[in-house]
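Chemist: Now that you have both chains on their own, put them together as the hints suggest.
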Amino acid sequence: MTDHAISVSSHRGEPRVSPIYDPKVRSIFFQILTAVIVVLVTWSISHNVSVNLARANIASGYSFLAGRSGFDIGFAMISYSSDSTYGDALLVGLINTILIAITGIFTATIIGFLIGIGRLSRNWLIAKLCTVYVEVFRNIPPLLVIFFWYSGVLSSLPQVRDSLKLPFNMFLNNRGLAFPKPLWGDGAYLISVAVLVGVIATLAIAMWAKQRQMRTGKQFHTIWAGAGLIVGLPLLTFLALGAPLSFDYPIAGRFNLSGGSVIAPEFVALYLALSFYTAAFIAEIIRAGIRGVPKGQSEASFALGLQPSTTTRLVVIPQAMRIIIPPLTSQYLNLTKNSSLGVAIGFPELVSTGGTTMNQTGQAVEVISIWLVVYLTISIVTSLFMNWFNAKMALVER
Amino acid sequence: MKKTLLSAALGTAVLGFASAASAATLDDVKAKGFVQCGVNTGLAGFAQPDSAGNWKGFDVDYCKAVAAAIFGDATKVKYTPTTAQSRFTALQSGEIDLLARNSTWTINRDTALGFNFRYVNYYDGQGFMVPKSLNVKSALELSGAAVCVQAGTTTELNLADYFKANKLEYKPVVFEKLEEVNAAYQAGRCDVYTTDQSGLYSLRLSLSNPTDHVILPEIISKEPLAPAVRQGDDKWFDIVTWTGYALVQAEEFGITQANVDDIKKSSTNPDVRRFLGVEKDTKIGTDLGLTNDWAYNIIKGVGNYGEVFERNIGANTPLKIQRGLNALWTKGGLQYAPPVR
Chain F
1 MTDHAISVSS HRGEPRVSPI YDPKVRSIFF QILTAVIVVL VTWSISHNVS
51 VNLARANIAS GYSFLAGRSG FDIGFAMISY SSDSTYGDAL LVGLINTILI
101 AITGIFTATI IGFLIGIGRL SRNWLIAKLC TVYVEVFRNI PPLLVIFFWY
151 SGVLSSLPQV RDSLKLPFNM FLNNRGLAFP KPLWGDGAYL ISVAVLVGVI
201 ATLAIAMWAK QRQMRTGKQF HTIWAGAGLI VGLPLLTFLA LGAPLSFDYP
251 IAGRFNLSGG SVIAPEFVAL YLALSFYTAA FIAEIIRAGI RGVPKGQSEA
301 SFALGLQPST TTRLVVIPQA MRIIIPPLTS QYLNLTKNSS LGVAIGFPEL
351 VSTGGTTMNQ TGQAVEVISI WLVVYLTISI VTSLFMNWFN AKMALVER
Chain S
399 MKKTLLSAAL GTAVLGFASA ASAATLDDVK AKGFVQCGVN TGLAGFAQPD
449 SAGNWKGFDV DYCKAVAAAI FGDATKVKYT PTTAQSRFTA LQSGEIDLLA
499 RNSTWTINRD TALGFNFRYV NYYDGQGFMV PKSLNVKSAL ELSGAAVCVQ
549 AGTTTELNLA DYFKANKLEY KPVVFEKLEE VNAAYQAGRC DVYTTDQSGL
599 YSLRLSLSNP TDHVILPEII SKEPLAPAVR QGDDKWFDIV TWTGYALVQA
649 EEFGITQANV DDIKKSSTNP DVRRFLGVEK DTKIGTDLGL TNDWAYNIIK
699 GVGNYGEVFE RNIGANTPLK IQRGLNALWT KGGLQYAPPV R
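Order-wise, the sequence lines are chains F and S. Sequential numbering of the first sequence, starting at 1, is according to the numbering used here. Sequential numbering of the second sequence, starting at 399, is according to the numbering used here.
Please keep in mind that the hints were generated in silico from the structure rather than gathered at the bench. Don't be surprised by glycine CBs; every beta carbon is placed ideally from N, CA and C. Hints are supplied without guarantee of correctness; some may be wrong.
Stated by the list, open to error - Quick look at which bits of chain S chain F covers, simulated, 3 or more residues with Cβ under 8 Å:
hint: 1; region: 510-521
hint: 2; region: 558-565
hint: 3; region: 621-635
Chain S with its partners taken away, still in its complex shape (with noise of 0.2 Å):
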C-alpha cells in the first residue's frame, strides 16, 4: 500500500514536468461548453449583475459576442470579476479565456506581459470628477488636492505622470477595489475622483447625488480600452478580434437584431450575404474555426455595435454617453472594422 502511494506520488511529479497551458483555447471552450469571461467587478453600463444576478453591460455584451459566434447562443458565458490587480494574473494563468474589462492596450501589456489586444471596442480617456462644491473649472487648479484612484491601473501612472508634467503637487489615495474608491471618495476622503472618463459617468450614478459632481473638461491620456488574450493562440486571438469587427460591420451594414433575419433571407448584397454567411461557397466562418453564420449569431444574439452601444451606455441610458470617437468611421468616429471577405 505504502508502495502504491509512493510510486503514485512519483509519477505525478514526474508527469508534472510537462504539463503546462493547453495552447488551443477555443477546443477547451468547446469542450467545456462556455466562454470563461473576466469582466468587472462592478461598473454600471460596462459590467454589473442585475437584481436578478444576471450580468449586463457593455463588456458583458462583448463576452456574449463571442459566445454566440462560437455556440450560436450568446448565454453561453460565465462571468469572473476581476479587480484591476487580479485581472491579468487570472488572464495569465489561463483562469479566464477572454478580457473584457476596460482595460487599455498598451505596449508594455502587449509585449512584456503577453497579451493580445487589436480590436478596441471603446476609445476612452482619462478624466476628473470633483465635487461641485469645491468650485474648480480646469485640472490645472487641482495643485494640493488629494486624489482618490484605483491601484494597478494605467490610470495611476497617467495620473502621476499629468501631475508631475505640470508641476501640480498631489497625495493619492489609492485603493484595489472600484468600490472602496467610490466610498472613499464618497466620504470625502479625497477631493478628486480620477478614472477613465466612461468610467467616472458610470461611477458619478452611483453616488448618493450625482448632480453635486462635476466632470472636468480635460482628458489627460488615450484610453483604448480593447478586449484582451493570451499570447500564443492566434485562432483565439482571431475570433476574438474578429467578433468585435463583426459588430461594427452589422452597424456600417444596417443590420440590427430585429432585421437580421430578413436581410439574411432577401438580401443580394454579395458583401452582406457573405458576412451573413449564406453566399455560396464562402469559408470565411470555417476559416475562423467557427460555422459560417458566425457574423448571424453574433448580430441575432447581441447586435450590433451601435445597439450594444446605446442598449448599455448610450444616450438613453443613465450614463447619457454620446458616441463621439466611438462613431462609426463613416460618421466621424474611429471604429471601423477590415474587409469581412
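Chain F on its own, in the form it takes in the complex (with noise of 0.2 Å):
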C-alpha cells in the first residue's frame, strides 16, 4: 500500500486511481465501518442482556431507587435512615466517594510536595529518608496500605470503655475520634457571611498591593491583612452577636460515647492510606518537574540578585508546574478511582452502599452502570479541572 501511495503521487499526470487505493475514500470507507461496528457490538450487547434478564425474570429498570432501603449506614454526611430511599443511599456512598476524594487530594498533595522537595534537598538525610518513604509507598498495593492503617489505627487504640480523653471533650478509642458538636445559635449565618467579605476583601487587597508593587516596587503585607480580616470579621461577627454557639459534648453511654460528631476509624484509615499512598506519585511527578526546569534560569535568576527563596518561588515552581500538572491529573484520578478500595475496610463509599442496594435488590446491572456513570463524570470533572488550570499555568508568550 505504501508502494502505491509513493506511485499514485509520482505519477500526477494519472488522475485515474481505483478508489480502493484513494487514501481519502479508504479512510472515510474504515472510519464509517469502525462506527458500525461500535454500534453494533453496543446493541448486542445491551440486546443480549435485557433478553437475558427477561429470560431469568429479573425485573429490570431504575425504578428500584425510589423504594425504601430497610438498611442504614454508620457514615453518612447527609440525614438518611432505614426509611430513606436506595438512591438516597447512593447519594450518601457518592457523598463519602467525594469527601474522601477532596481530602485524600489536598493531603495527597501537600505530602507528596514536601517529600519530592525534600528528595531535592541537599541535606542527606532528609532526601535519604524521603527516597526510602517513595520507594515504600510506591511498591505496596494500596489496598495493603488500607489494611495497614486500618488494623494499625484499629489494634493500637483503645478499647471505648478505656477511651483517652484529649482536651475540650474530646475521646479517642477505636471506635473513632468523638469530639463536641457545635450547634449554633440565632444569626448564625452572619458569621459565614463574614467569612466570605474577609475572603473578597483579602482578594481585593492583594489585587491592589500587586499594582501597587509594580507601579511604586513597594512591598504590602497581604498575608497579614488578609489573616486579619479572614480571622478577624468573622471573630467580631461573633462577639457581637452575643457568641450564639453551644456545643453538644460527647458523654460515655452503656456500649459508646453517645452525643457529639465522631470521626470513624475507617474514614481515617482510607483517608491516610490514599493520601500516603498517592503523595509517593505525586513527589516524584514534583521532583521531576522541579529537575525539568533548566539550570540557566535560577542562574539567570541569581545574577538579577534575586533570593533563592524568591527564585524558587517565582522562577523555578511556576515553570515546573507546566510538567508537573498533566501528571498530577491523573493521580488525581488515580486516587479518587481507588476511593473504591474504602469497600474492603467497611467505609460505606459509592461502591459499598451500592453494594447493598445490589443484593437488597437484585438490580446489578443497573447498579453497575450508575457506578460506572459517576466514576466517569467525576473523573471527566477533575480532568477538565486540572485541563483549565494547566491552560491557566502555561508559558504565556509577550
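Modeler: Take a look at the structure:
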C-alpha cells in the first residue's frame, strides 16, 4: 500500500486511481466501518443483557431507586435512615466518595510536595528518608496500605471503655475520634457571611497590593492583612452577636459514647492510606518537574539578584508546574478511583452502598451502570478542572 | 487478511445477538461432569475448607448430595466461595449451578431476583452475640450499641427493622466479608454481632475465647435457609429440591449411609423399595432426569438428613446445635418431605 501511495503521487498526470487505493476514500470507509461495528457491538450487548434478564425473570429498570432501602449506614454526611430510599443510599455513598477524594487529594498534594522537594534537599538524611518513603509506598498495592492503616488504627487505639480523654471534651478510641458538635444559635449565618466578606476583601487587597508594587515597587503584607480580615471579621461578628454557640458533648453511655460528632476509624484509615500512597507518586512528579526546569533559569535569576527563596517561588515553581500538572491530574484521578477500595474496610462509599443496594434489590446491571457513570463523571470533571488549570499555568508568550 | 479479520469481528457481533444463558442446567452439568456449587467463603460447620483444602460442612454436603444424585459420585462438585454480596450475581450470571450458602428464602428473592427456593435445609432465626463482660441479658438493652453486621444480608434489614420497631438506637458497622466482620467484632470495633443464630454458634467458635461471649435469647426473625437455583429451569429445580427431600425421607425411613445397602437388598416395604429404585417398573428417578437409584446414591454419598446435621453442626461437633426446628416432623420439628411416589 505504501508503494502505491508513492507511485500515485509520483504520477500526477494520471488521475485515474482506483477508489480502493485512494487514501481519502479508504479513510472514510474505515471510519464508517468502525462506527458501525461500535454501534452493533453496543447494541448486541445491551440486547443480549435485556433478553437474558427477561429470561431469568429479573425485573429491570431504575424504579428501584425510589424504594425504601431498609438498611442503615454508619457514616452519612446527609440525614439518612432505613426509611430513606435506595437512591439516598447511593447518594450517601457518592458524598462519602467525594469527601474522601477531596480530603485525600488535598493531603496527598501537600505531603507529595514536601517529600518531592525533600528528595532534592542537599541534606543527606532528609533526601534519603524521602527516597525511602517514596520507594516503600510506591511499591505496595494500595489495598495493603489501606489494611495496614486500618488494622494499625484499630489495634493501636484503646477500647471504647478505656477511651483516651483529650482536651476540649474529645475522646479517642478504636471506634473513632469523638468531639463536641457545635450547635449554632440565632444569627449564626452572619458569621459565614463575615467569612465571605473577609475572603473577598483579602482578594481585593491582594490585587491592589500587586498593582501598587508594579507601580512603585513598594511591598505590602497582604498575608497579615488577609489573615486579620478572614479571622478577625468573623470573630468580631461572633462576639457582636453574643456568642451564639453551644456544644453537644460526647458522653460515655453504656456501650458507646453518645452525642457529639465522631470521625470513624474507617474514614481515617482510608484517608490516610490513600493520601500517603498517592503522595509517593506525586513526590516523584514534583521532583521530575523541578528537575525539568533548566539550570540556566535559576542562574539567571541569581544573576539578577533574586534571593534563593524568591527564585524558587517566582522562577522555578511556575515553570515546573507546566511539567507537573498533566501527570498530577492522573494521580488525582487514581486517588478518586482507589477510594472504591474502602469497601474492603467497611467504609460506606459508593461501591459499598451500591453493593448493598445491588444485593438487596438484585439490580446488578443497573447499579453497575450507575457506578460507571458516576466514576466517569467525577473523573471527567477532575480532568476538565485540571486542564483549565494547566491552560492557565501554561507559558504566556509576550 | 484485514478483510477476514473484519468479517470475523462482524460475524461474532451478529452471532452474539442470540447467545444467552442456556436453560437446561442438567445437560450442562452432565456435559461438564460436575456441579458448580456456590458456598460460603468460610463458615465453620456450614462450608469451610479443611487443612487439606477439602470443603466440609452442612451446605457443602448438600452440594455433594446433588452431585451424588446426578453422577452417583458425591465428589463431583466444584465449589465457588461467594460473599453475601456476590452470591446472587454469581447465580444469576450462571457462574454457579446451585447456591447452597445459608441464604434466606424471601419473596423478594423468589420474585424480583429471579430465583427459586423450595426445600428449606435449615430453619434459622436471627440472633445477637455480645461479650459476657457487657452483662447484657436481653436484646432490648442494646440501645446505643455499635452492631457489626454483614452487608447485603436479610440480617442487615432485620436489624434496622428490629431497632426501629423497639425504638432503640444503634450504630451499624458493616463489612462485606464475614472474616472482616469477625475481625472487627474481635477488635472491639462493635459491641454486638448479629447474624443467623446458627452463624453465631459457628462464629463464636472462631473467636479466641469462645466462652467470653454469650448469644442473647431473642430471635428476631424467621430465616428459612434454602438452596437456590435460577428461575426458568424446572427440571433442575426439581432435582435440587428433591435431593433435599430425599435426605429427609431417608431419615424418616431410618435409612443411613451404613445400612442403605442392606435395606436395598432386604427391604420388603414398597415405599422404601420405590424410594431406593428397586421396586419393579419404578420411574421416579428417570422422571427426574436421573437414574432410578438416585436416592440410594444420595444416601450412600452423604447419609440422611440427620447424619448430615450431626456430622457437621450437631451435638457432637464443636457447634453443639440442637435439632430444634430442624427435627423431623415426627419429632416435633419442621423437616417434612412430601411423599416420594
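Chemist: If a hint holds in the structure, say so; if it does not, say that too.
Modeler: Evaluation of the provided hints:
1. Requiring three or more residues with a Cβ within less than 8 Å of a Cβ of chain F, the coverage given for the region 510-521 of chain S holds, as 3 such residues are present.
2. Chain F is given as covering the region 558-565 of chain S, and this holds because 3 residues of the stretch bring a CB closer than 8 Å to a CB of that chain, at least three being needed.
3. Requiring three or more residues with a Cβ within less than 8 Å of a Cβ of chain F, the coverage given for the region 621-635 of chain S holds, as 3 such residues are present.
Hint compliance for this structure: no hint is broken.
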